[in-house]
Amino acid sequence: MTASDVFAAPQSEAECAEVIKEAAASATKLEITGGGSRSGFGHAVADAKRLSTKGFSGISLYEPNALTIVAGAGTPVREIEVALAAENQQLPFEPSDLRALYGTKGAEPTIGGVVATGASGPRRIQAGACRDSLIGVRFVNGKGEAIKSGGRVMKNVTGYDLVKLSSGAHGTLGVLTEVAFKVLPRPEKVATLRLSTLGEDAAVRAMSMALGSPYDVTGAAHFPAGLDGEPTTMIRLEGFANSVDYRAEKLRTELRDLADVDIDIDSDPERCAASWKRVRDAEAFEGRPGAVWRVTVKPTDGPKLVSALREKIKTDGVFYDWGGGLVWVLTPEVDDAGATAIRTETNQLGGKATLVRASEDTRRRIAVFHPEPAVLARMSAGLRQVFDPAGVLNSGRMTLAA
Amino acid sequence: MRMPAPDAEVIARKDEIVERLRAKLGEEAVISDAAELKAYECDGLAAYRQPPLAVCLPSTTEEVAEALKICRAMGVPVVPRGSGTSLAGGAMPTADSVILGVARLNEILEKDYENRVVRVQTGVTNLSVTGAVQEEGFFYAPDPSSQLACAIAGNIAMNSGGAHCLKYGVTTNNLLGVRMVTMDGEIVDIGGPFMDEGGLDVLGLICGSEGQLGVVTEAWLRILRSPEGAKPIMFGFETSEIAGACVADIIKEGVLPVALEFMDGPAIQACENFAKAGYPTNAGALLIVEVEGSDGEIDEQLEKIKAVAMRHDPISVRESGSAAEAAKIWAGRKGAFGAMGQIDDYICLDGTIPVGELPNVLRRISELSKQYGLDVANIFHAGDGNMHPLILYNANKPGDLEKCEAFGADILKLSVEVGGCLTGEHGVGVEKRELMHAQFNREDLQQQMAVKDVFDPLWLLNPAKVFPIDMLEERAAAAKAA
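If you read the sequences in order, they're chains A and B.
According to the numbering used here, the residues represented by the first sequence are 271 to 672, in order.
According to the numbering used here, the residues represented by the second sequence are 17 to 498, in order.
Calculated directly from the structure, the hints in this document are not laboratory data.
Heads up, simulated DMTMM-like pairs for lysine to aspartate or glutamate below, C-alpha to C-alpha not over 25 Å straight-line:
#1 B:K322 to A:E333
#2 A:K459 to B:E319
#3 B:K127 to B:E151
#4 B:K268 to B:D315
#5 B:K496 to B:E459
#6 B:K322 to A:E458
#7 A:K459 to B:E244
#8 B:K468 to B:E25
#9 A:K459 to B:D265
#10 B:K268 to A:E458
#11 A:K520 to A:E540
#12 B:K30 to B:E52
#13 A:K520 to B:E130
Here are some chain B residues the structure puts well away from chain A; computed CB gaps all over 10 Å:
#14 M19
#15 V34
#16 A51
#17 C58
#18 E78
#19 I359
#20 S385
#21 K413
#22 P414
#23 G415
#24 E418
#25 E421
#26 L430
#27 E490
All residues carry an ideal CB built from backbone N, CA and C; glycine is no exception.
Only chain A is shown next, with the shape it has when bound in the complex (with noise of 0.2 Å):
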């Protein structure tokens, strides 16, 4: 995208409020970007101008004592990681960059969409998702009003929660122009348990076990494939010294009763920190063709979704995150880049399958989200349409074209 393709970059609240008046008067279509890492994330938005939100810039508060942090929803992720990490802080749901997966390399991601993305990496089975850590938003719906949900501290229940509908709605709701986030401390200590050598079956069970010990798992992955072509199971875990010193022995001890593989303990800061990388971002996925997947399941479900899928169609790249939970598949992208096996299989086991990556010719004719059953259906359109009536904002990013 070059600055010229931008309709407009409204500096102010009021200045965006004014431009979607217009465009739904005049039933002007608008993509809203931010930094636009993420622009290949949902279906293609035909036939529209740019908004874009890099003008809603900086921190406006951050209060390291109350753990909380407001930015505009055009500021940059890093400028945010950098201002939380100088005190010892961070966004407890570990938001992904995407850049590489979806080569959009020069391209600066806004916490603005990684809000309206939903992304959320390792950590959200232990922290939370991205919904989880976001206490208030600002947002122009598609009438041009301003609309403000949930606020500044972290325990609020007043009025409906428009804040968790912000999160991962890709800007059909409104335009994010604020969004505010309980934050956590940053672990004196992180460790990796790598245990080698295990199956699906028995990676997810030894994940099940850590997740379901008291030592407080922060990620739990599973690479059938690992960095060196062998299975490599990863646990995490996050905290003071002495305590991650404590729970990875009885973790290990424990974990070795259940299976008896080789345990390695790294508590390495920079390899523990590229290994959960390679996990947040997809990076096993980096530079490969093909149809990229993300499906939620129960996470036993999680390698029986695999094997049902190994004996229907081709995949080219299986793992696993969230203890089994979540399971990434990489798909040669023909006919229909596995939709039907996926989408059929993940009903079976009750989930969802979210196609995170295509061509835009595949998502023209693939449903990027899951689709909903008639009812949720109808209650999702009726939002959409009550948030923003002329449907300009972001016009079927999240639903494929009839």
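Based on the hints, put chain B in the right spot on chain A.
Quick look at chain B alone, frame taken from chain A:
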């Protein structure tokens, strides 16, 4: 308090409504006798009472759907009810409404330790969820004070919290899926025993919508393995300001206690008189800090916390050497509401403030207390800013309740003014309905009301709650004109 005028036509058709409900649900599942209806005339906000037209107590999700279909067809408002412990009047009936109670939906349906989830019917109590899984060492994290009695249905409706949510989050963070019945009587599953994503977060919207978007009959709840141990420590400080500064420093240190409870002087006095927990009655403020883990981990965290606290010159420090002593430390806090009840009638507020505003807000509350001539004690989930000022009044003294409510409204407006909100965990209900104007502008509220239109276009579900009455009446008039 003003309630919308009940629909006389609906009231006139009471016999027919009851008959049709009985035909589908059975004779004993529907209550219509005036004496029996009295049991449902209020919830935990007992100052306001209004018996409903009838009560129905379905035993299955399908029966809930049948009841809703009948009410929808006949234009009868429906008030969903869990255990009726709402402190905000969230389950308060209107004269033309049918109460739909989920008390008979009280089974734990599935326990799945490997996937760390349970499926329950929503009439089960909060504590019974933990009760069902604790033999395997698991627990359900949200722990509202009423957890012995309150139902999961109400927890979901109000997005309930508790003392331990600094670490574990509130209901919405521990809810994976629901089975819900719409006002049209359609049954829909939203989410499930997996981490939901993709598609609009309708589940996140349902949680905390105060029973106005649908009736939740089943829930998938996340369960967690209990920590190896837990231990509280108690510090007394000379003033609230000092205690507030200590809280900030503990959090800055990178320690995240599971609970961080604050009590001011009047609260300490009342609790000590009631529970004889050995609280420092000469202290202006008290902090109870609880940490979890193995013995070694607990000791390390407590050392860090003590080191921070010592910098603020506490006038007393009490570490629990035994389980009995730990229980004693908590006894005062947990008995706080009972202690207040012994002194006088009280209302309990629930605003949240940015934690840094604590000293300022406490000072303003004490000024308001003098101005209104009513005593107030402050109990506070200090880690997350959720305040619970208890205002004492005399219910038998004419005008005292009104004065107390005006005082409460001032405190809540103050909470909003300093950057906080009206309610942190109790919900808006009827109690804080009119104060919504203080937190939101008309467009904010209209957007929320438009959300309700999607789920319940006739506005039959849990009427007269959440939104200010002027906006409800405006909307009703517009609907009638259309």
